[in-house]
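Listed in order, the protein sequences are those of chains P and Y. When you number the first sequence by the numbering used here, it's gap-free, plus one each residue, and the end is 437. When you number the second sequence by the numbering used here, it's gap-free, plus one each residue, and the end is 437.
Hints are computed from structural coordinates only; laboratory data are not their basis. Note that the structure is a prediction, hence the values are computed from the model and not measured. It cannot be assumed that every hint is accurate.
If several chains are the same, the list does not tell them apart, and a pair holds so long as it fits within one copy or across any two.
[Said to hold, decoys possible] Distance condition first, Cα-Cα at most 27 Å in a straight line; then the derived DSSO-like pairs of lysine-lysine:
(1) LYS301 with LYS416
(2) LYS283 with LYS421
(3) LYS416 with LYS255
(4) LYS177 with LYS141
(5) LYS421 with LYS305
(6) LYS374 with LYS416
(7) LYS282 with LYS301
(8) LYS177 with LYS430
(9) LYS432 with LYS374
(10) LYS374 with LYS430
(11) LYS283 with LYS301
(12) LYS305 with LYS282
(13) LYS283 with LYS177
(14) LYS177 with LYS212
(15) LYS430 with LYS141
(16) LYS283 with LYS250
(17) LYS430 with LYS255
(18) LYS283 with LYS432
(19) LYS212 with LYS430
Okay, here's what each chain looks like letter by letter:
Protein chains: 2
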Amino acid sequence: MLLCMKMAGSIISRMLDEMEGTSMNPHYYAVIMAGGGGTRLWPLSRQSRPKQLLPIIEQRSLFQMAVDRLDGLFTPDHVLVVTVQNQVKDLHEQCPFLPMENILIEPEPRGTASVVGLAAVALTKRDPEAIMAVLTSDHYIGNQEWFQKLLRVAAVVAEKNYLVTLGITPTYAATGYGYIQHGGVQGRYDGVDVYYVKRFKEKPDELQAQIMLATGDHTWNSGMFVWKAKKILEEIDHQMPALGNSLRKLATKWNTNQRQQVLEKEWLNLETQTIDYGVMEGARDVVVIPAGSLRWSDVGSWDSLFDVLPADANGNIIIGGKHFGLDTQRSLVYVNQEHRLIVTIGVRDLVVVDTGDVLLICRKDEAQKVRHVVNILKDKGDEHV
Amino acid sequence: MLLCMKMAGSIISRMLDEMEGTSMNPHYYAVIMAGGGGTRLWPLSRQSRPKQLLPIIEQRSLFQMAVDRLDGLFTPDHVLVVTVQNQVKDLHEQCPFLPMENILIEPEPRGTASVVGLAAVALTKRDPEAIMAVLTSDHYIGNQEWFQKLLRVAAVVAEKNYLVTLGITPTYAATGYGYIQHGGVQGRYDGVDVYYVKRFKEKPDELQAQIMLATGDHTWNSGMFVWKAKKILEEIDHQMPALGNSLRKLATKWNTNQRQQVLEKEWLNLETQTIDYGVMEGARDVVVIPAGSLRWSDVGSWDSLFDVLPADANGNIIIGGKHFGLDTQRSLVYVNQEHRLIVTIGVRDLVVVDTGDVLLICRKDEAQKVRHVVNILKDKGDEHV
């Protein structure tokens, strides 16, 4: 009788664990890609201080938030970060609880294909059965609970040897993202539908984007994937033999003192390529999970912060500095100069970013043009980029 | 024959002098009122650094320009400045060629009536026949040649014991200025018509301003006057007996060592009053010279600089700093931080003023509201006013 009750308790406990999703596959790892440069939030972000490192939201950086949102799903030793040398220090300072050996360093950035390959090699060496969730470090996700649920479902599907992509349910006819068209349902897991992928599509023009939005079978490519490390290495071997070759060389020397030497030598000759274009577009066994209400943003320009940060009653977002607004609406003021007084009068839909050495004033709906300006300044050799 | 030729030469020379206006009445003096405070060009102007002292146009201050434009008409010893103690140093540094004894200092600012009275006392003591041109220090005048011509004509009319006012020919239905309505022609001098004044009018409402603009017999009160010092002292005596009494006491002690003591004692009890309201509105023998194409501006708010400074091909006025504008039009950027890079994107009709400790961003057509903000900040005891 006692035994029966114990057994029943154990079964109920396991059932509850599975329902709550707290018992995670022990082979599941997160790989955060955090090596990107870029100046999309210029002048706050600079070549030397990329977006993921910036304390934009409640004094947390996007990288910190990317790590934070894994809490409860992955223990720190199951979180890997792939970056480049000049970001290691900042990343480690921002998340000192991550083991230093989990920070993988590319000798040179070579696009996301090599990032994924490097992490997959590291993981297979640690755990041949490793499943990896490839995650971004510079995006915003508002619904952490839902995100973790999707990652749990994705792991179950990846376990079946699928390449799982997370697709962002489109909210408008965006021309700035790649799209994923899905076909029929592969399965339904804990209430989440998973679809076979028909094809990947490059960034569309306005008309194509309108059509894709209307058909309802397209999602934005989020750049987040879940798969077995072994499986993606096989796909790389098929589709990117040069990279595959380099990765195999690296794998054989991984646990020797030649690892760094091989890494540097092989990376020198790699071509820069994304995992999407290099592998996913031609891969088999690809499925997509439309992410639904993830509250995702790529934080790709200043105006995107309006999707991410709470505005006041006038629709304004004021960060830092001391602001006095008269008749000011739907505007963003970001000032990292503590003692500066900012006064705005009669201002609408404006982005103001003051970093001390640079003052950017930009109409909100032209915030995408910041990139043009940065490129022009870069060409001029301007010191402020 | 030689004598005849000499006489003829002399007559012709005198005729030319009069035509050119180069032979000025030796009793003619300029009195520049430069004691005003105010923060109308805040945050550049502050309580401690009023508008007339600011190097706004080609690195010259409005005060310097007010002195510059007298060049050739008045010698420096005939230019007086009335100010308050805390501006003496700056004024003298900006125009060191003005004799120190020509800078008259009010113990307390008491409005333009006392300014005029003080200068009139000083001048009658120096030259009982003095004619004084009362001039502003913080306005812009684009047509110097015409300005000097009007001052020459005004001196001729003042010589006949008239109180001469310079009226600005209105260019729009302004509600921010007082108006002068004129009657018939008093005379025509060197092609300039001088009119009898019917009445002075306070700042009108919008409808009144429209009507006054339409009737064509109104000019804006510029606050610039020309008269005999003796004559204005008589008028003050009639209409402002308390001030008149103080001025008479001051006059008796002017050339004694008690001058300063009397000045301080009398000024303590003076009521603050403008010469317009205190004297001109009730005076007899008042005439007005409509100034025509003087290109005058009171530089009363940031948007007024568009009337004063040359704009570039996009209608922008950029002062100081390093500016990069993309799709930026009809905007003013004033930055006194040399090393700051200012980037504007998609900006129209905006005023941006960056003084380091304060950043003002204001829609051009709401530039008048800067004053409200300053008042609010003042009430809060804010350090930036």
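Hints, one by one, checked against the model:
Neither within a single protomer nor between protomers do LYS301 and LYS416 lie at most 27 Å apart by alpha-carbon distance, with minima of 49 Å and 65 Å respectively. For the identical chains of this complex, LYS283 and LYS421 are neighbours neither inside a copy (40 Å) nor across copies (65 Å), given an alpha-carbon limit of 27 Å. When the C-alpha separation of LYS416 and LYS255 is checked against a cutoff of 27 Å, the pair qualifies only within one copy, where the shortest distance is 22 Å, while the shortest distance between copies is 39 Å. Proximity of LYS177 to LYS141 under the C-alpha cut-off of 27 Å is restricted to the intra-copy arrangement: shortest distance 25 Å within a copy versus 78 Å between copies.
In this homomeric assembly, LYS421 and LYS305 never come within 27 Å of each other (Cα to Cα): the closest approach is 46 Å inside a single copy and 70 Å across copies. For a Cα distance limit of 27 Å, the shortest separation of LYS374 from LYS416 qualifies both inside one copy, at 21 Å, and across copies, at 22 Å. Taking the closest pair of Cα atoms, LYS282 and LYS301 come within 27 Å of each other only inside a single copy of the chain (15 Å); across copies the shortest separation is 104 Å, beyond that limit. For a Cα distance limit of 27 Å, the shortest separation of LYS177 from LYS430 qualifies neither inside one copy, at 41 Å, nor across copies, at 68 Å.
Taking identical chains as interchangeable, the C-alpha atoms of LYS432 and LYS374 lie at most 27 Å apart only when they sit on different chains, with a minimum of 14 Å there against 33 Å within one chain. Taking the shortest alpha-carbon separations for LYS374 and LYS430, only the inter-copy value of 15 Å comes in at or below 27 Å, while the best intra-copy value is 31 Å. For the homomeric pair LYS283 and LYS301, the shortest alpha-carbon distance inside one copy (17 Å) is at most 27 Å, but the shortest distance between copies (104 Å) is not. Taking the shortest Cα distances, LYS305 and LYS282 sit within 27 Å of each other inside one copy (17 Å), while across copies they are farther apart (104 Å).
For the homomeric pair LYS283 and LYS177, the shortest alpha-carbon distance inside one copy (14 Å) is at most 27 Å, but the shortest distance between copies (104 Å) is not. Proximity of LYS177 and LYS212 under a CA criterion of 27 Å is satisfied intra-copy only: 21 Å inside one chain copy versus 107 Å between copies. When the C-alpha separation of LYS430 and LYS141 is checked against a cutoff of 27 Å, the pair qualifies only within one copy, where the shortest distance is 25 Å, while the shortest distance between copies is 46 Å. For a Cα distance limit of 27 Å, the shortest separation of LYS283 from LYS250 inside one copy, 20 Å, qualifies, whereas the shortest one across copies, 97 Å, does not.
Taking identical chains as interchangeable, the C-alpha atoms of LYS430 and LYS255 lie at most 27 Å apart only when both belong to the same chain, with a minimum of 25 Å there against 53 Å between chains. Within a single copy, LYS283 and LYS432 get their C-alpha atoms no closer than 45 Å, and across copies no closer than 66 Å, so neither meets the 27 Å cut-off. Taking the shortest Cα distances, LYS212 and LYS430 never come within 27 Å of each other, neither inside one copy (47 Å) nor across copies (69 Å).
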